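Participant: In case you want the letters, here they are:
Protein chains: 2
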Amino acid sequence: MNQSTRELIVERADELFYQQGFEHTSFAHIAKEVNISRGNFYHHFKSKDQILDAVIDLRLANTQSMLDEWELEGETPDARIRCFIQILIRNMAKITLYGCPVGTLTTELAKLNHVALGRANEVFTLFRGWLTQQFEAQGCGDQSDELAMHLLARSQGIATLASAFQDESFIHDEVKTLNQWLEQQLSNS
Amino acid sequence: MNQSTRELIVERADELFYQQGFEHTSFAHIAKEVNISRGNFYHHFKSKDQILDAVIDLRLANTQSMLDEWELEGETPDARIRCFIQILIRNMAKITLYGCPVGTLTTELAKLNHVALGRANEVFTLFRGWLTQQFEAQGCGDQSDELAMHLLARSQGIATLASAFQDESFIHDEVKTLNQWLEQQLSNS
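Sequence lines, in order, name chains A and B. Just so we're aligned, residue 1 is where the first sequence starts under the UniProt record's numbering, counting upward by one. Just so we're aligned, residue 1 is where the second sequence starts under the UniProt record's numbering, counting upward by one.
Honestly, I wouldn't trust all of these hints.
Which copy is meant is left open, so a pair is good if it fits within one copy or across any two.
To be verified - Straight-line C-alpha distance at most 30 Å; calculated DSS-like pairs for lysine-lysine:
{"hint": "1", "residue 1": "Lys176", "residue 2": "Lys46"}
{"hint": "2", "residue 1": "Lys32", "residue 2": "Lys48"}
{"hint": "3", "residue 1": "Lys32", "residue 2": "Lys94"}
{"hint": "4", "residue 1": "Lys48", "residue 2": "Lys94"}
For the record, the hints were derived by calculation from the structure and aren't laboratory data. Remember, it's a predicted structure, so these values are computed and weren't measured experimentally.
Chain A on its own, in the form it takes in the complex (with noise of 0.2 Å):
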């Protein structure tokens, strides 16, 4: 129960700092959102930099079953990767609205000076890792960091602009040149 009430915290204050950021989120908000007793939230939090160490918690757990899953569903290094770039498909609404959920918070962090960026920035680590360990595998050699890197900024500049221009059409199209992008350097390797 205990648990369970934790829990619910920390994937509404997830939501709520990506759909509104960090900063713009306050504590009480959180609680007023959740809808339980100062005292019990307290028993499970005592500040907001304490359950933004709690949403990167689930962040990097979700982010590690999402790579578990594309493991399984992808036969071929090629097919993962892609799995990869099909994210800002299927999360198109959410980034037309708010950015990714990754670099967003990174962006944010790092103007505040905040101490939790490095964790946070654990997520992008995660990706980076996967992502060249499948272009590895697809015998990239040597530039798959370099190609991990590239692709995610790829990424990340594409939910940018399209949060930006409020524009899902832009992601279908910079999806398609991703794709193209990347049988270019595949068939190269």
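Knowing the structure of chain A, use the given hints to seat chain B on it.
Facilitator: Only chain B this time, still in chain A's reference frame:
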């Protein structure tokens, strides 16, 4: 004299919004940094949103001046587009700390569901229109707007990842890749 106090406020707010984020920077904080009396401050601005409008005006004017400079500086459209890519190198230290001022502001305002999002996005629109013109002048025809948006997205993604990993060398690598991409596009057209 009045004019210059106003300018001072707007310039300092511009920096603070960029370095710390819009939400994190309070009205009182700006007044304190500019070091003028509250009365004098209120004489110029009644709210943070009014300051934001003035900051966007300043950024639009500065962007236009920069584009005008590049227009004179670059002898060919190709060279002018390279001036755009080169700002990633010129502003590398700041980008690594705070990301891109244009993209991080639109991202934040989108999350805040802020009425000024459309105006903030006019800075992107200025770049987009100017880059489209350069691609057209270089013979890219119907593809010109798509290429302009693609280039904007690439530069945004580079800024986000450089800031997340606090990695200047990533900017160098990606700028090289971006210049190669440009060469390819222009040789195709």
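Participant: For Lys176 vs Lys46, is the C-alpha pair at or below 30 Å within one copy, between two copies, both, or neither?
Facilitator: neither (46 Å within a copy, 47 Å between copies)
Participant: Check Lys32 against Lys94 for me: Cα-Cα at most 30 Å, and say if that holds within a copy, between copies, both or neither.
Facilitator: Answer is within: at 23 Å inside a copy they meet the 30 Å cutoff, but 37 Å across does not.
Participant: Indicate which option fits the pair Lys48, Lys94 if close means a Cα-Cα distance not exceeding 30 Å: within, between, both or neither.
Facilitator: both (24 Å within a copy, 28 Å between copies)
Participant: Between Lys32 and Lys48, at a C-alpha cutoff of 30 Å, which is it: within one copy, between copies, both, or neither?
Facilitator: Both: 14 Å inside a copy, 26 Å across copies.
Consistency note: the structure conflicts with earlier hint 1 alone.
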